[in-house]
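Trainee: Listed below, chain by chain, are the residues.
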Amino acid sequence: MTRIVVGPFNRVEGDLEVTLEVKDGVVAEAWAGSPLYRGFEQILRGKHPMDALMFAPRICGICSVSQSMAAASALADAMGLAPAPNGRITRNLAHAVENVADHFTHFYLFFMPDFARAEYAGRDWHARAAERFRAVRGAAAADIMPARTAFLAALGTLAGKWPHSLAIQPGGVARALEASEKIRLFGLLRDFRRHLETVLFNDALESVAALDSAAALARWAADKPRGDFGAFLGIADDLVLERLGRGVGRFISYGNYPQAESQFLRSGVWDGKLHALDAQAIAEDISHAWLEGEMRHPAQGVTRPQDEKAAGYTWCKAPRLAGLPMETGALARQVVNGHPLARDLVEHGGGNVKSRVVARLLEIAVILPEMEKWVQQLAPGEPFCTQGELPSEASGAGLVEAARGSLGHWLSVADGRIANYQIISPTTWNFSPRDSDGTPGPLEQSLVGTPAGEGNVAVQHVVRSFDPCMVCTVH
Amino acid sequence: MNERTEPFSMPASFNLLWLQSAGCGGCTMSLLCSGAREPTAALEAVGVRILWHPSLSEESGEEATRILERCAAGELAVDALCVEGALLRGPRGSGGFHRHAGSGRPMMDWVKEIAQAARYTLAVGSCAAWGGVAAAGENVTDACGLQYEGDQPGGLLGANWKSRGGLPVINIAGCPCHPDWVTETLTALALGAFGGKDLDSFNRPRFFADHLVHHGCTRNEYYEFKASAHKPSDLGCLMENLGCKGTQAHADCNIRLWNGNGSCARGGAPCISCTEPGFEEPGHPFHETPKLAGIPIGLPTDMPKAWFVALAALSKSATPKRVRDNAVADHQVVVPAVKKTGLK
Ligand code: SF4
Ligand code: SF4
Chain H
1 MTRIVVGPFN RVEGDLEVTL EVKDGVVAEA WAGSPLYRGF EQILRGKHPM DALMFAPRIC
61 GICSVSQSMA AASALADAMG LAPAPNGRIT RNLAHAVENV ADHFTHFYLF FMPDFARAEY
121 AGRDWHARAA ERFRAVRGAA AADIMPARTA FLAALGTLAG KWPHSLAIQP GGVARALEAS
181 EKIRLFGLLR DFRRHLETVL FNDALESVAA LDSAAALARW AADKPRGDFG AFLGIADDLV
241 LERLGRGVGR FISYGNYPQA ESQFLRSGVW DGKLHALDAQ AIAEDISHAW LEGEMRHPAQ
301 GVTRPQDEKA AGYTWCKAPR LAGLPMETGA LARQVVNGHP LARDLVEHGG GNVKSRVVAR
361 LLEIAVILPE MEKWVQQLAP GEPFCTQGEL PSEASGAGLV EAARGSLGHW LSVADGRIAN
421 YQIISPTTWN FSPRDSDGTP GPLEQSLVGT PAGEGNVAVQ HVVRSFDPCM VCTVH
Chain Y
1 MNERTEPFSM PASFNLLWLQ SAGCGGCTMS LLCSGAREPT AALEAVGVRI LWHPSLSEES
61 GEEATRILER CAAGELAVDA LCVEGALLRG PRGSGGFHRH AGSGRPMMDW VKEIAQAARY
121 TLAVGSCAAW GGVAAAGENV TDACGLQYEG DQPGGLLGAN WKSRGGLPVI NIAGCPCHPD
181 WVTETLTALA LGAFGGKDLD SFNRPRFFAD HLVHHGCTRN EYYEFKASAH KPSDLGCLME
241 NLGCKGTQAH ADCNIRLWNG NGSCARGGAP CISCTEPGFE EPGHPFHETP KLAGIPIGLP
301 TDMPKAWFVA LAALSKSATP KRVRDNAVAD HQVVVPAVKK TGLK
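Chain order of the listed sequences is H and Y.
Residue numbers in the first sequence follow our numbering, run continuously in steps of one, and reach 475 at the last position.
Residue numbers in the second sequence follow our numbering, run continuously in steps of one, and reach 344 at the last position.
Treat the hints with care, since some could be wrong.
What the hints assert, rightly or not - Keeping only pairs whose Cα atoms sit at most 27 Å apart, straight-line, the calculated DSSO-like set for lysine-lysine is: (1) Lys112/Y x Lys197/Y; (2) Lys197/Y x Lys162/Y; (3) Lys182/H x Lys373/H; (4) Lys231/Y x Lys305/Y; (5) Lys231/Y x Lys182/H; (6) Lys47/H x Lys231/Y; (7) Lys47/H x Lys291/Y; (8) Lys231/Y x Lys291/Y; (9) Lys291/Y x Lys321/Y.
In case anyone wonders, no lab produced these hints; they're calculated from the structure.
Working from the sequences, and respecting the hints, build out all of it.
Mentor: Shown next as structure tokens:
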């Protein structure tokens, strides 16, 4: 047995340190450590409730709109306020731009550069992967960065700027769109679609979204060169990435993109069967975090740092649903929502490095055409923001899906001030530490059995397949 | 000869090391939205070479720690050290709230050491400049900026600290900072076209800090007439009721614009003066303008209160109906009249 500490983990958001116990060249046990504590939950106490709209996005620079959406939803819940239809659509668009851009950024900048590493020099795809995906210097960057910037310009129009906008409000958005902006946004989406359809997929988004099984995906990939997604699928086959990083097999999604009557992506839990989500069954265990207190539902959660706690090895709490660790992310969302390709991949290999990456790119193909429809539903001239009063005693929850998975804010207001504010971010779920039963978190379980040691980057693939965001994790 | 007309000197190489401390990564995310090209290529074009950046580089784990060690030891020349995020000194001065992964060493120690070796040190964003949001509330983590703690000089490196290149920490403030503020400061440094005179009294690059957010705001006409918004999504000026500090905050957000054509005010949101030290604790809710006897407390820095009151009264009485009605609507309810006789 040798113990190795892997960190700093770059090309993830924020600081991550993974400790591995390696036996016979594979991981026997893993511990996920988040070595940064900023204390947002403590900062927010005593503030004016609306100040959450300023602080929440700054929890995380990569999913700042998601944080704003969760805060605005928690406030709206506390106010009993329904957003104006235009406001709801505009918020969905802003949120979807960020989520899609995140998947895109993760694929090109964070995930693929590992295949350019010298460790893979012997593989017949390596030269091409290195030329295209090498960190900082790869050819893909020159293609994709301008496309990403042009796409994110949608957030200049929708929210003033990105990251960190105060435009997202409990009743909608602080900025009504004009007819010309509706046209401009549609054009922007079409332009990004064209980029995806030529560079990423070499196919229509609708054809990608319609792939309904692992076999259909394999046929599609074999048919002709399929852009950068095709390159990934080839590498994934060669390295058998579907056997790497097998997850806990239980998936959670809060559902996302509220429509007039329902959500475009439904909420739920999948463990081979679909169950309704019971948000009351969520609780955070802190037995292995440098924090004081006991396991609680986030509405009653407390955050008190205790850096000298012997059992602690991270600042991250351990959220559990009915006592069990859950995997969250694009794969969970698509599985819960019933996408046949995602379901088939999970039925045959569970959550793994390949299925997580496929689900992200699949989700891009599913959401972008929907966004084109949403833009057309905007009605300039009609209200974009409803107004409401915040009672001086109230509570509310905002449950949304960030790119990386389920994000919840729980707020309680007393005397017109924030009495408690608790946040559970997607990576808090995925990279949670052990709980008081000793059950490791999803990443910790996924790493077991992964080849590790000199010249082996499998651990990197497993970690990055979750697209972790560590600044969110501890907040 | 005016030194500003001296030709640029292209560096043989200008090495950049980027470290993330207690921030949100938003300044890096903002940087990646820079211009029409990728920022790393644009920087490379003026000789800037990235030694390591936590979000972009290939090296991970030990390889990355080794790069930091070589930078600290002076084996690898660092021309610009960019720090993003506040420095956490707590708990009890240990720096334990942020230990750099892999080394177990407090981030503040890494930063102190490498700053001694670097030619220039830059605070990227308001966290690294002043402490920023990390220092809000009771500041449980004892967060500070590189050379400031709020508006007080000091911070991690001390008030009198200068880098080997002879400059204090360059504060590219903002939460996040605009991508071009970063690329233009680095470009100017690399080309030898940046000196002490280019910094304002808070050591922010003057090219953006010598402007006010108010300059170029599309709500200027409403401001002139004190035709004010009352609720989110109103078109009027956000200064009188909704907390806008654009007339006091130093930055060129409404000249340069964000993400194509945006800014906070264009997005309907007040300027919260995120480039100013202490912006995170204004002493009032961000969406409300603090007032005394009905008059906003935070008036333009160079305008006596009596003038403001007199002008506001006069302009309110002279507000055209178009401006008055549109100010409290979310779209123009009265459009500018079309003159049929030609414009003089
Ligand atoms: S200054 Fe703002 S955007 Fe930059 S790291 Fe700090 S919180 Fe994030
Ligand atoms: S909204 Fe703010 S920046 Fe714009 S005109 Fe009014 S005071 Fe100036």
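Trainee: Within a Cα-Cα threshold of 27 Å, do Lys231/Y and Lys305/Y meet the stated pairing?
Mentor: holds (25 Å)
Trainee: Holds or violated: Lys231/Y with Lys291/Y, Cα cutoff 27 Å?
Mentor: holds (17 Å)
Trainee: Just to be careful, I want the Cα atoms of Lys291/Y and Lys321/Y compared with a cutoff of 27 Å; is the pair within it?
Mentor: Distance of about 26 Å is within 27 Å: holds.
Trainee: Please verify whether Lys47/H and Lys291/Y have alpha carbons no more than 27 Å apart.
Mentor: Answer holds: Lys47/H to Lys291/Y is near 19 Å, not above 27 Å.
Trainee: For Lys112/Y and Lys197/Y, compute the direct alpha-carbon distance and say whether it is at most 27 Å.
Mentor: holds (25 Å)
Trainee: Would you mind confirming whether the straight-line C-alpha gap from Lys47/H to Lys231/Y stays at or under 27 Å?
Mentor: holds (20 Å)
Trainee: Going straight from one Cα to the other, do Lys231/Y and Lys182/H come out at no more than 27 Å?
Mentor: holds (23 Å)
Trainee: Between Lys182/H and Lys373/H, is the straight-line Cα distance small enough, at 27 Å or below?
Mentor: Holds, at about 11 Å.
Trainee: Hinted pair, alpha-carbon criterion (27 Å max): Lys197/Y, Lys162/Y. Please report holds or violated.
Mentor: holds (15 Å)
Violated hints are absent here; each numbered hint is respected by the structure.
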